[in-house]
Amino acid sequence: MLFESDREFLVWSFNASHRQLILRSNPDRIARTNTRVEIYFGHVEFMSLRSTYSGIMLSEAGPDEVLEISSRVPDGLRPSGIYLLGGDFTSFVLSARPAWREGECDFDDPSLFEFPVTE
Numbered sequence: 007m008l009f010e011s012d013r014e015f016l017v018w019s020f021n022a023s024h025r026q027l028i029l030r031s032n033p034d035r036i037a038r039t040n041t042r043v044e045i046y047f048g049h050v051e052f053m054s055l056r057s058t059y060s061g062i063m064l065s066e067a068g069p070d071e072v073l074e075i076s077s078r079v080p081d082g083l084r085p086s087g088i089y090l091l092g093g094d095f096t097s098f099v100l101s102a103r104p105a106w107r108e109g110e111c112d113f114d115d116p117s118l119f120e121f122p123v124t125e
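Here our numbering is used: the first residue of the sequence shown is 7, the next is one more, and so on.
No lab work stands behind these hints, which were simulated from the structure alone.
Ideal placement from N, C-alpha and C gives every residue a C-beta, glycine not left out.
A hint or two may mislead.
Listed next, with one range per pair, are the computed distances between beta-carbon atoms [what the hints assert, rightly or not]:
hint	residue 1	residue 2	range
1	Thr39	Ala105	18 to 26 Å
2	Thr41	Arg84	14 to 22 Å
3	Glu120	Glu74	31 to 39 Å
4	Asp70	Glu120	32 to 40 Å
5	Ala37	Thr96	22 to 30 Å
6	Ala37	Glu74	12 to 20 Å
7	Arg84	Ala105	19 to 27 Å
Make the full structure from the sequences, and use the hints.
This is the structure:
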């Protein structure tokens, strides 16, 4: 297990030109959380996602899981890894190793993975 949380996560953004995916859990007064958590995937080759997750378990696919998932993605992809977002094979991302950050910030503050724009 790489990361686990019982918080609600949303697919927050996907930058197609840079192949970057961010899943976000915003502060929630009802759940009594005052931090934002973001999970960042870079070099995304393929993804199978739901729009929301009530809790998340992020793990790297093992050999048997790789075989199962490989049969469901287009040929020719060369991902760095396959990362599962739960206990089944319905949600996964083919990408470089993900990273996550947590911080106190407002809803409309920039991403915790904000990268400077280069021209």
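Structure versus earlier hints - violations, ascending order:
Violated hints: 2 and 6; rest satisfied.
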